[in-house]
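The primary structure of each chain is shown beneath.
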Amino acid sequence: MSLTRDQISEKLAEAGYIADRDLAMALWLMDFLKRPLLLEGEAGVGKTEVAKALAKVHGAELIRLQCYEGLDQNAALYEWNYQRQLLAIKAREGEDADTLEEHIFSEKYLLERPLLAAIRRLDPPVLLIDEVDRADEEFEAFLLEVLSDFQVSIPELGTITATAIPRVVLTSNGTRELSDALRRRCLYHYVDFPEVDREARIILTRLPGIDATLALQVARMIAAIRKEDLRKVPGVAETLDWAATLAGLGLHDLRAEPEAIYDTLICVLKTHEDRANIGRELTDRLLGKVA
Amino acid sequence: MAATAIKPAPDTIGATLRHRLAGFVRTLRDNGFAVGLAETRDALKILASPAAMRASSLKPSLRSLFSATRSDWQRFDEIFDAWWLGHGIRSASRISGATAKGRQSARRAALAGENKASLGPPDRVERGEGDTDAEGSGRSTGASRAEALRSTDLRHIADPDEIAETHALAERLARSMRARLVRRQEARRHGRRLDLRRTIHRSISHGGTPIDLVWRRAKQKPLRIVILLDASGSMNMYTAFFVRFLHGVVDAFQEAEAFVFHTRLAHVSRSLRDRDVARAVDRLSLMAEGIGGGTRIGESLATFNRWHAARVINSRTAVIIVSDGYDTGEPEQLGLEMQRLRRRCRRIVWLNPMIGWKDYAPEARGMKAALPFVDLFAPAHNLESLAALEPYLKRI
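So the protein lines, in turn, are chains A and B.
Taking this note's numbering, the leading residue of the first sequence gets 1, the next gets one more, and so forth.
Taking this note's numbering, the leading residue of the second sequence gets 1001, the next gets one more, and so forth.
Treat the hints with care, as some may be off.
Label pairs and their in silico Cβ distance ranges [to be verified]: (1) Pro208(A) - Ala1055(B): 29 to 37 angstroms; (2) Arg280(A) - Ala1055(B): 29 to 37 angstroms; (3) Arg21(A) - Arg1070(B): 53 to 61 angstroms; (4) Asp1212(B) - Ser106(A): 51 to 59 angstroms; (5) Ala256(A) - Ile1013(B): 58 to 66 angstroms; (6) Arg64(A) - Leu1194(B): 51 to 59 angstroms; (7) Glu61(A) - Ala1310(B): 29 to 37 angstroms.
Please keep in mind that the hints were generated in silico from the structure rather than gathered at the bench.
All of these numbers come straight from a predicted model, not from anything done at the bench.
We put the CB at the ideal spot given by N, CA and C, even for glycine.
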């Protein structure tokens, strides 16, 4: 089953993700060319959400591998269940060493980790490799190998080949330059902060009860705030938090209660410095412009 | 090359289209895109698919396929339009930049020519290469190297041995600092961690009794170094020296980034990763050439903090600023930006060549504003002072 771009767009919207047309195209290409998709963009633009929505679109399971510094193959691929192995060794004391070895290195004692899980599923899952730039170079090289062959070898068990090729989404925040090889292997999409219209639509989709005017005003205000010189630029999640807070306070118009706006900006500005930068006056001025 | 190498796509598409695509791929490569055969083959698949019916779906498809970085992503549309939609055809795509290679070599050739005409021979004599003159003047590399040496002031380190020593030192510095303990592992000092996987493997030969215990070894992590080099007029006696040092560090470290600033900031790691030292240094001196107008340390740091810091700095980064601290901008801004930088990185080292001078006191306003945020304020006017840096970085 292959979906067209417009179908993907629609289904993404149903799944609660408002995508721009180019992203839908990239998601279509993923299926068409069977390549992983690399998403880059600032923190908070909704890169991880893309994978979640994609899983919903295809009705597939989402398997997530969160990368971190020091992530190694054991944590990403498989691990043996040592406690059970030790028990088994004790229980079978006196047995022939070879038989014992065969026994404790069997499937029963194998613990699947995300990568192995992803290639052993019958239905192709969506494999999200989150923040791949946080992992070390060695891991990246290993990942490249898995992503091109979709098979892994476990010394004690043998080679395991993928039953179904998963759809792979990688995200990166750019804390480290990724290798050219990995970049080449993947399709690329740069996720930007949504433009005002799209952000307003996102608010409306995620918070169905909210006033349309308020959603638009919030989106405009956030867009204005993002233009200021901030240490941490608010992401879409912050927008949603803020919109939910304002709606919860029963506001219908940003202009009505500037005091409340200023007080609730803590949903959006997450450092002391930013808070000091966007003072009362600036808030009022921005409000005047957008509302 | 691509035209002949491409195998026909599964769904046959016209030969004309195939040639057009090959040309497009070539244009992309000219513009610095890393496009391989696999990409070209996939592009043919796309052209044979329904996505090729409209430009509105073809463009994003090819963009996703051919781009690998954000800058590719941003430049793609222009090149695409120029090639497929005929807006200015090839000349337009050339203008879009990134034919840096071409421009660079043109500039180098120009410089080399100028050098040959004016100051070439005496310069070479001065450096004791007079004997090889006849042979050397014919090679463009020889000429451009001479140019690099001439245009960047080398009063303090002109001796080839010394230059070699700088590099050797940078290498040594790099080797000793490359690996350091991860903090995470250090913090967990109470009790080493058992490597169960290996322990159990070993125990099999003892009938399952874990006699040989295998411990996890702490993982070594490289220190990341970011160098910001002041290339302003007041520093020009040292710039050449540091550019070489920079090259050594960037070359040896897996994770090193270099920036040069005078009135504005330029990211130069890429140019420095050239194996050919002379060419790298040459290219860099071109970049460092200012329009004049004084050093804007504060503004350059602001640019760094805003656009580069998040990407190049992590928790184990040492930032090394090489500058004399003569700032023509506002000292308040410099102080503010230093404070911001301080919060992000692990250590700030400020190397000031003038500390080596007799009776120097950091009186420059900019220097005074920056000092409170500097972890190590050290001289850097000769090789020894750089070597003294090594033990400090090792302790970080």
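Open item on the list: Looking only at beta-carbon atoms, does the pair Asp1212(B), Ser106(A) fall within the given range of 51 to 59 angstroms?
Closed with: violated (23 angstroms)
Task: Verdict for Ala256(A), Ile1013(B) (Cβ pair) under range 58 to 66 angstroms - done: Given about 60 angstroms between the Cβ atoms, the range holds.
Open item on the list: I want to verify a distance hint. Is the separation of the beta carbons of Arg21(A) and Arg1070(B) within 53 to 61 angstroms?
Closed with: Taking Cβ atoms as reference, Arg21(A) and Arg1070(B) lie about 19 angstroms apart, which means the hint is violated.
Open item on the list: Assuming the hint says 51 to 59 angstroms, is it satisfied by the Cβ distance from Arg64(A) to Leu1194(B) or not?
Closed with: violated (28 angstroms)
Open item on the list: I want to verify a distance hint. Is the separation of the beta carbons of Pro208(A) and Ala1055(B) within 29 to 37 angstroms?
Closed with: Since Pro208(A) and Ala1055(B) have Cβ atoms about 36 angstroms apart, the given range 29 to 37 angstroms holds.
Open item on the list: Does the beta carbon distance between Glu61(A) and Ala1310(B) stay inside 29 to 37 angstroms, or does it fall outside?
Closed with: holds (33 angstroms)
- [ ] Could you check the hint for me, namely that Arg280(A) and Ala1055(B) are 29 to 37 angstroms apart, CB to CB?
- [x] violated (48 angstroms)
When held up to the earlier numbered hints, the structure conflicts with 2, 3, 4 and 6 and fits the remainder.
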